[in-house]
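Single-letter residue listing:
Protein chains: 2
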Amino acid sequence: MNRLRTSFQQTTGQISGHGKRNVGVLKTAFAAVADEMASDQYGTGAIIEPFEQKFADVLGMDDAVFFPSGTMAQQVALRIWSDETDNRTVAYHPLCHLEIHEQDGLKELHPIETILVGAADRLMTLDEIKALPDIACLLLELPQREIGGVAPAFSELETISRYCRERGIRLHLDGARLFEMLPYYEKTAAEIAGLFDSIYISFYKGLGGIAGAILAGPAAFCQTARIWKRRYGGDLISLYPYIVSADYYYELRKDRMGQYYEQAKQLAEQFNALPGVHTTPEVPVSNMFHLHFDGQAADISPKLEQVQEETGLGFVGYLVDKDGYCSTEISVGDAYGELDQQTRDAGFARLRQAFS
Amino acid sequence: MNRLRTSFQQTTGQISGHGKRNVGVLKTAFAAVADEMASDQYGTGAIIEPFEQKFADVLGMDDAVFFPSGTMAQQVALRIWSDETDNRTVAYHPLCHLEIHEQDGLKELHPIETILVGAADRLMTLDEIKALPDIACLLLELPQREIGGVAPAFSELETISRYCRERGIRLHLDGARLFEMLPYYEKTAAEIAGLFDSIYISFYKGLGGIAGAILAGPAAFCQTARIWKRRYGGDLISLYPYIVSADYYYELRKDRMGQYYEQAKQLAEQFNALPGVHTTPEVPVSNMFHLHFDGQAADISPKLEQVQEETGLGFVGYLVDKDGYCSTEISVGDAYGELDQQTRDAGFARLRQAFS
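Top to bottom, those sequences are chains P and R. With the first sequence counted from 1, adding 1 to any position gets you our numbering. With the second sequence counted from 1, adding 1 to any position gets you our numbering.
FYI, nobody ran anything at the bench for these hints, they're computed from the structure. Keep in mind that the hints are not guaranteed to be accurate.
For identical chains, the list gives no copy identity; a pair is met inside one copy or between any two copies.
[As the list claims (entries may be wrong)] No farther apart than 30 Å at their CA atoms in a straight line, the calculated lysine-lysine pairs in the DSBU-like style are these:
{"hint": "1", "residue 1": "Lys21", "residue 2": "Lys255"}
{"hint": "2", "residue 1": "Lys55", "residue 2": "Lys131"}
{"hint": "3", "residue 1": "Lys28", "residue 2": "Lys323"}
{"hint": "4", "residue 1": "Lys28", "residue 2": "Lys255"}
{"hint": "5", "residue 1": "Lys304", "residue 2": "Lys21"}
{"hint": "6", "residue 1": "Lys188", "residue 2": "Lys55"}
{"hint": "7", "residue 1": "Lys21", "residue 2": "Lys323"}
{"hint": "8", "residue 1": "Lys55", "residue 2": "Lys108"}
{"hint": "9", "residue 1": "Lys188", "residue 2": "Lys304"}
{"hint": "10", "residue 1": "Lys131", "residue 2": "Lys28"}
{"hint": "11", "residue 1": "Lys255", "residue 2": "Lys131"}
{"hint": "12", "residue 1": "Lys323", "residue 2": "Lys108"}
{"hint": "13", "residue 1": "Lys28", "residue 2": "Lys188"}
{"hint": "14", "residue 1": "Lys255", "residue 2": "Lys55"}
{"hint": "15", "residue 1": "Lys21", "residue 2": "Lys131"}
{"hint": "16", "residue 1": "Lys28", "residue 2": "Lys55"}
{"hint": "17", "residue 1": "Lys304", "residue 2": "Lys323"}
{"hint": "18", "residue 1": "Lys188", "residue 2": "Lys108"}
{"hint": "19", "residue 1": "Lys108", "residue 2": "Lys255"}
{"hint": "20", "residue 1": "Lys28", "residue 2": "Lys304"}
{"hint": "21", "residue 1": "Lys255", "residue 2": "Lys188"}
{"hint": "22", "residue 1": "Lys55", "residue 2": "Lys21"}
Please model the entire structure based on the sequences and the hints provided.
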């Protein structure tokens, strides 16, 4: 499998991502920033406060708090809603980030119980939400990343939101890829966030920053979130390396999400036309999808390595074995747009040859 | 009080610190780093792994883990020792960072009880340690920052260490300012760390980095610490902005600690010669001390502002009222060495005039 990664890294162009995650990402973001700009200082100062207010405005919320990570931000959000409703139970999708990527941080650090809603291979349904016992908070992720980036229709979100408000259930949005969803919904970030009580967004997914997250919500919620940020050790004396880069790449890429979305649909169509290859969703609703090959990684990898070595075009950097097939994730970013048509066509032609 | 801060910030030279905390600190550290250097990736990669090993070696420990903050690192250390000894009680000084600066994170996030050892205005004694009930871990801070930067003799540390080992009490070092203590002890970092089971060091105190911390200890301890780092949301996809700068300023300043220490003693002596002014400790044991003025901040501030405005030399950026006096903290860094003798002499002459 390392050979596949190496062959991907050695390509001169890639269908996914924004290019390499290297120190150049930082240096580019800081190139035009004056040395004299003062650091933030434990959450205060001109580098952080207007930035937080900007994202409060973008999301149509009272206030917003910059966190070093989404892991920290979302645990804090669920704890605050749990305390506020005096209810120790929260609910989310079986493949929620908190359930599978955080070493059970939520449950190890807080007196919180979780309920997994619905099945791992699809979105949760309104009926499943209605069948839940009394909960403090329901977390929805848009798009549901671990199943390829799938999302409910906006009208369904409205129905879920209405139901939760009627029942006093706080609705939190894992909006790690919220901006990536806007072209599909044809809504503003604030219009989507408006259906939720709190929201987290990430700066290093489609936006391609270095790291960091915003947690936005009502004023009192954010005030309490700042206390928890201190408790977690997330209130660093200086967060500006992440903030400056987050702002730089947000401004650079926020208006490119429609382009990434169209390119993702185009790419998925090309993959789905190959024998033994398919994507989920079949038609992407954001810049991402999962790409599946019939067969096991041990058999598929050498074919992909050969194509990548011959064409210089990077398709796949890793494969995970599933039941009878193997999978990877594609997230379209700037790299795809930097390819010329001829390189793309030649790459797919060679891929078709390898998989026929 | 804001006028005092402003007058300090507008001076052209300062007796404490390393100069302004601004974006230039980052840019300087990255100036010689190639754009192509790959980011760390969730704790792995060439930018973080050799760095962690380097500090494991510096501290003579099996392993070391880079954390975004000391707050996170130390809570994790205490939790691990608590779990390992199956004992929910830890003990530390009444003015320990965990007790007064972390919004009770340790107690809010973990099932841990704390015992405050001794009195707030002095170091804890061996007898007080011996009088403790059964505890998982004792945390010592070197130097004890909140009382001016005071530290026990090395022989006393050895005695405490021996006692704790005999009793199965884990001994953790808050070594935020460990490197600053080495000239006084005339020991290596590893010789001091060797008395402890685990140790945290900070990169933005005397070293003057941007942020970040190392937690070092036995191999199994560090392995568990990495799990807790993930749980806390401290296992960022990219921590290199802090790591690269930490390494840069460590290399730049690690051999200057003796100089800062001598300068701190010299400065304290000059302050103690002024009427109505004294320092704690009277003779510093590191680069830091607390500086006290008889009277209240409202009366002292205007005098200091005037001296700072007239001389262009920054002595004090803030004052905190105590009982009959007011105080500030001095930490000697590069800024002091950049002053010429004439500026220093003229500054102290003017200060003497103001306080006579």
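task: Could you tell me which of the numbered hints above are not met by this structure, giving the numbers in increasing order?
output: 2, 3, 8, 9, 10, 11, 13, 15, 18, 19, 20
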